[in-house]
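*Asks:* Now for the letters of each chain:
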Amino acid sequence: METSIAVDHMLSVNDWMNQAAAAIEAEADHLTQLDSAIGDGDHGTNMTRGMRGVLAALADGDPDAPPGKRLILAGKTLVSTVGGASGPLWGSALRHGGRALGDRPELDGAGLVEVLTAALAAVQDLGAAEPGDKTMVDALGPALTALRERLDAGDPLDAALAAAADAAQEGARATTPMQARKGRASYLGERSVGHQDPGATSTALIVRALGSALVTTG
Amino acid sequence: METSIAVDHMLSVNDWMNQAAAAIEAEADHLTQLDSAIGDGDHGTNMTRGMRGVLAALADGDPDAPPGKRLILAGKTLVSTVGGASGPLWGSALRHGGRALGDRPELDGAGLVEVLTAALAAVQDLGAAEPGDKTMVDALGPALTALRERLDAGDPLDAALAAAADAAQEGARATTPMQARKGRASYLGERSVGHQDPGATSTALIVRALGSALVTTG
Amino acid sequence: MATAIQTMRKLLNDPEQAGKEALAGLAAAHGDILRYDAGAQIVVRADAPRKGKVALVSGGGAGHEPLHGGFVGLGMLDAACPGEIFTSPVPDQMLAATKAVDGGAGVVHLVKNYTGDVMNFKLAAEDAADEGIAVESVLIDDDVAVQDSLYTAGRRGVGATVLAEKIAGAAAERGDDVAAVAAIARRVNERARSFGIALSSCTPPSAGKPIFDLPVGEMEVGVGIHGEPGRRREPIGTAHEIADLMVEAVVSDLSPASGAKVLAFVNGLGGTPLLELYLLYGEVERGLRAHGLEPVRRLVGPFITSLEMAGASLTLLELDDDLLSLWDAPVHTAALRWGA
Amino acid sequence: MATAIQTMRKLLNDPEQAGKEALAGLAAAHGDILRYDAGAQIVVRADAPRKGKVALVSGGGAGHEPLHGGFVGLGMLDAACPGEIFTSPVPDQMLAATKAVDGGAGVVHLVKNYTGDVMNFKLAAEDAADEGIAVESVLIDDDVAVQDSLYTAGRRGVGATVLAEKIAGAAAERGDDVAAVAAIARRVNERARSFGIALSSCTPPSAGKPIFDLPVGEMEVGVGIHGEPGRRREPIGTAHEIADLMVEAVVSDLSPASGAKVLAFVNGLGGTPLLELYLLYGEVERGLRAHGLEPVRRLVGPFITSLEMAGASLTLLELDDDLLSLWDAPVHTAALRWGA
Ligand SMILES: Nc1ncnc2c1ncn2[C@@H]1O[C@H](COP(=O)(O)OP(=O)(O)O)[C@@H](O)[C@H]1O
Ligand SMILES: Nc1ncnc2c1ncn2[C@@H]1O[C@H](COP(=O)(O)OP(=O)(O)O)[C@@H](O)[C@H]1O
Ligand SMILES: [Mg+2]
Ligand SMILES: [Mg+2]
Ligand SMILES: [Mg+2]
Ligand SMILES: [Mg+2]
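Residue numbers (this note's numbering), protein chains in the order written: chain Y, 3 to 220; chain P, 3 to 220; chain A, 9 to 348; chain B, 9 to 348.
It is possible that some hints are incorrect.
[As the list claims (entries may be wrong)] With a cut-off of at most 27 Å between alpha-carbon atoms, the simulated DSSO-like pairs for lysine-lysine come out as follows: (1) B:28 / A:217; (2) B:28 / B:107; (3) Y:78 / B:130; (4) B:107 / Y:78; (5) P:78 / A:217; (6) B:217 / B:269; (7) P:78 / A:28; (8) B:28 / B:217; (9) A:130 / A:28.
To be clear, the hints were calculated from the coordinates, so they are not data collected in a lab.
From a predicted model like this one, the values you see are computed outputs, not experimental measurements.
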């Protein structure tokens with residue numbers, strides 16, 4: 003178990019992953035439907051398989067591991083179980099996010115900004131997507147920006163997380179009119195316009211799950 | 003051209019085949035539909051192809067050939083163009099029917115009885131179907147019986163042909179409750195019950211066409 | 009009759025010409041193996057006639073590709089007579105094929121047991137006899153879904169046709185005489201049984217619509233290869249259940265020796281992809297072993313099809329040493345090739 | 009997520025396990041050629057590793073059978089890494105395969121150009137380098153339906169994959185070193201172009217319903233092999249028109265030398281039977297000759313599929329003497345076999 007030293011401004015990696023897995027699984031059919039329109043109809047299945055793997059790995063893992071190590075384990079598990087585009091992308095995101103934390107015993111708001119910064123960099127490094135290319139970057143980028151701005155402005159973590167989640171969701175919605183320039187959807191050219199990107203949509207779910215990962219007991 | 007020596011009691015092979023071809027072609031979709039239910043959905047196409055071949059062969063054939071030779075040519079053409087079960091069966095029927103006529107210059111009612119007797123024998127010889135097996139025999143057999151009885155009773159040829167056509171049609175209808183014991187439909191076992199036999203149905207059309215083959219000019 | 013191609017999910021020009029155009033394409037693609045005589049409407053081995061070799065001729069309706077044209081070549085058929093789709097060819101074709109491949113050692117006709125095929129081949133054999141060519145006819149009737157009785161058309165010829173063409177073809181290649189080649193083909197037929205199931209209907213190009221309606225979630229059990237409905241309709245089973253059904257049907261009818269070496273042939277009906285056929289094969293092998301049988305040779309793929317029908321059939325052949333070595337002998341056709 | 013098999017016309021047990029069960033069946037049917045390591049989720053040549061031979065590894069999502077597992081064997085792949093259906097495999101598989109087949113002469117990864125495949129193979133190559141195995145990666149991107157530009161994911165890898173696996177496999181078999189094998193594979197990719205059309209959608213087992221809706225009478229033009237919609241939708245054309253469209257697309261992009269000798273590969277997408285593929289091949293050959301090209305080798309059949317999708321693709325490879333002799337070299341795999 004992670005030890006939490008204060009109420010409401012620390013995050014549990016396990017809770018985050020648990021909530022994310024539940025949200026992904028609940029929305030799996032929808033994600034697959036989105037991927038059917040502009041991809042190959044497997045995104046819901048891919049992410050479900052990956053998140054189940056992550057939960058199993060965390061359950062089997064070292065109970066005393068610090069958050070960074072947990073994130074690395076989660077990322078490795080995604081790489082090893084998902085495949086497709088989303089596996090290496092989210093996998094590398096969490097691995098690099100975890101590495102950014104090093105051995106720090108706790109994950110607080112500032113730490114999360116570092117995690118998401120490293121995650122976004124990893125996604126862009128591997129996938130070379132720019133904002134506006136109709137990918138998960140269009141959800142992750144705005145989420146990070148919103149989080150950083152709210153924390154910089156002194157907002158409490160829960161409010162900042164809510165803002166980040168809204169920004170990710172808004173970013174996902176904003177992919178609809180875009181023409182895809184990366185991933186499978188790019189094969190469709192102009193026909194990709196008018197559909198919401200599945201990866202951005204699942205990313206918004208994962209970001210939203212952070213709000214349920216606040217450690218409320220000390 | 004055939005020479006006709008009297009009004010209304012001679013038959014033209016060419017007219018018979020022309021009328022039969024027209025009737026088959028008009029009903030082709032229906033025949034194929036019947037064959038789809040208990041066979042392989044090609045009976046309309048098969049018979050249409052065959053009858054077209056027959057018309058072409060008769061048009062190319064010796065204009066002075068007697069009816070028997072014309073029937074042999076029609077039969078050979080069916081054998082050579084139809085394939086399937088109906089090709090050899092109707093082909094042999096007409097070949098043997100034609101042979102029964104020899105070189106006789108005309109085809110009258112008595113001749114037609116001989117033709118159909120030989121035809122039915124040929125069908126049963128090749129296909130080994132008994133009445134009640136749900137095949138063309140169930141239309142051809144009753145037609146022959148009705149024709150023979152009416153002519154024996156002294157009815158005029160046109161009335162006898164109408165009776166034969168009605169008997170064939172009734173015979174075809176009567177195949178519906180039968181369980182097929184020959185041909186493809188027999189593979190269905192009890193599932194063949196409740197469907198009218200396509201070959202009996204086309205046979206009724208061919209018999210009915212005889213009524214339009216009466217030579218009315220001398 | 010003219011059917012618009014817009015009613016079908018098919019690559020066609022004129023639906024009525026589909027079979028013939030496919031043969032022209034087959035010949036264009038495999039000119040080293042075979043030639044297509046469009047006039048006589050036959051497919052003939054490129055190097056026919058082979059002097060002194062018994063010639064093997066088969067044929068039947070089109071729509072079962074690669075059967076039969078795809079099996080013309082070294083170690084298999086000398087000629088194939090393709091009819092219209094699902095319609096037996098006519099005697100003229102069989103006679104032309106017989107004459108084209110006769111190398112003086114006699115000709116064997118491999119005939120699938122369908123009323124039309126049997127009657128047309130019978131008329132052709134009579135014609136060939138008139139022309140002085142000795143023809144031995146072998147009837148293939150391996151489909152256990154159909155009750156064999158004196159009062160029916162008898163069992164259908166299905167998957168065993170492929171195996172008989174391969175094995176009898178090898179016997180002919182090795183120099184067996186006409187009686188021996190025919191005997192081998194008959195032995196294959198005697199030692200083989202098949203059973204098929206369909207998950208969809210199929211659409212003959214000239215009909216333009218499916219032969220029967222089959223709702224998703226149901227299967228036709230005991231189908232042949234002409235888009236006919238099967239013996240009964242059931243809710244679709246798992247591959248495990250379907251394999252058990254097939255294995256049970258063929259094994260109980262064949263009654264192979266316990267521990268017998270068998271060739272298991274899982275055939276696709278045209279629209280079912282290899283992923284599913286291999287998945288089914290795994291289940292079939294499990295089922296065969298559970299019956300104490302030893303699969304030593306396998307053939308998995310769409311080799312005798314029913315247009316684009318979804319479904320599969322199992323053919324089981326009990327092997328002896330001679331059948332096994334003939335199966336392994338070189339073959340070089342469009343659809344089967346090894347050792348050559 | 010659990011999808012009932014009752015919603016599909018498929019031979020399945022658990023839809024989620026379809027790919028793995030098919031591999032088990034493949035291995036059961038072809039134990040002489042390959043083995044399936046279910047733990048590592050890889051298919052490996054039965055006699056791997058081959059000491060001193062460059063090893064060829066490919067992989068990608070399942071659902072394209074016989075690609076890639078059906079191409080493991082002498083003269084082609086040393087190992088295949090099959091992902092979930094339509095989902096790239098994971099680096100662990102590629103690493104395990106690479107280690108299993110490394111014969112000390114280096115390993116070539118043949119990677120179809122899809123974001124997922126490229127990224128997973130990239131991570132695997134990094135892992136292999138960490139373990140001291142030199143990996144050369146070759147990207148296949150032959151699909152001219154997709155615009156290649158710096159601002160897209162680039163062209164997809166489709167039919168050329170089969171040809172590259174065959175030809176690079178032969179080069180490895182003849183003893184070429186790792187750079188030479190990779191160079192040959194790159195040459196195949198450079199001299200090959202593909203274009204596909206779909207007449208139906210397809211249904212991933214775990215999704216349980218078709219990826220897109222395509223009314224009868226329409227076709228998707230410019231599709232890949234993952235059930236993606238194509239570049240545009242049009243009323244279905246005749247085989248003649250479709251062949252012209254395909255030939256025009258690949259020839260104009262490839263710009264082969266006039267009079268060039270070519271290999272024409274007419275590929276079925278899974279649900280289209282051989283009758284139609286040969287019919288299309290005849291039209292393709294006509295089209296190629298009209299462009300002054302000389303087809304000297306052909307491959308016709310379902311070799312790189314999109315589950316049970318109806319449709320076809322054309323891959324054109326401009327040959328030189330070396331590519332031709334490597335194409336003709338012996339191959340013994342489940343799906344392609346000659347000379348061995
Ligand atoms: N180059 C890329 N950079 C960032 N995200 C990408 C890239 N390519 C694809 N994606 C994301 O991956 C999602 C698709 O994931 P998924 O369906 O699981 O994989 P695949 O496309 O291999 O089937 C897309 O919706 C998109 O958000
Ligand atoms: N043994 C037989 N004797 C008489 N008629 C038969 C026999 N077998 C089949 N038929 C007839 O042939 C018809 C089917 O003809 P057709 O569909 O053209 O040939 P196929 O069955 O070869 O597709 C059946 O409806 C039946 O009337
Ligand atoms: Mg996807
Ligand atoms: Mg019929
Ligand atoms: Mg028929
Ligand atoms: Mg995918």
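*Asks:* All hints are to be evaluated individually against the structure, with a verdict given for each.
*Replies:* Verification of the hints:
As the CA atoms of residue 28 (chain B) and residue 217 (chain A) are separated by approximately 35 Å, the hinted pair breaks the 27 Å bound. Distance check on the hinted pair: residue 28 (chain B) and residue 107 (chain B) sit about 21 Å apart at the alpha-carbon level, within 27 Å; holds. For the given pair, residue 78 (chain Y) sits about 15 Å from residue 130 (chain B) by alpha-carbon distance, which is consistent with the 27 Å threshold. Note on residue 107 (chain B) and residue 78 (chain Y): the hinted pairing holds, with a Cα-Cα distance of about 20 Å set against a maximum of 27 Å.
Note on residue 78 (chain P) and residue 217 (chain A): the hinted pairing is violated, with a Cα-Cα distance of about 31 Å set against a maximum of 27 Å. Between residue 217 (chain B) and residue 269 (chain B) the alpha-carbon distance is near 42 Å, which puts this suggested pair outside the 27 Å criterion. Between residue 78 (chain P) and residue 28 (chain A) the CA atoms are separated by roughly 22 Å; this keeps the pair inside 27 Å, and the hint holds. A C-alpha spacing of about 20 Å is found between residue 28 (chain B) and residue 217 (chain B), which places the hinted pair at or below 27 Å, so the restraint holds.
As the CA atoms of residue 130 (chain A) and residue 28 (chain A) are separated by approximately 24 Å, the hinted pair is consistent with the 27 Å bound.
Consistency note: the structure conflicts with the earlier hints numbered 1, 5, 6.
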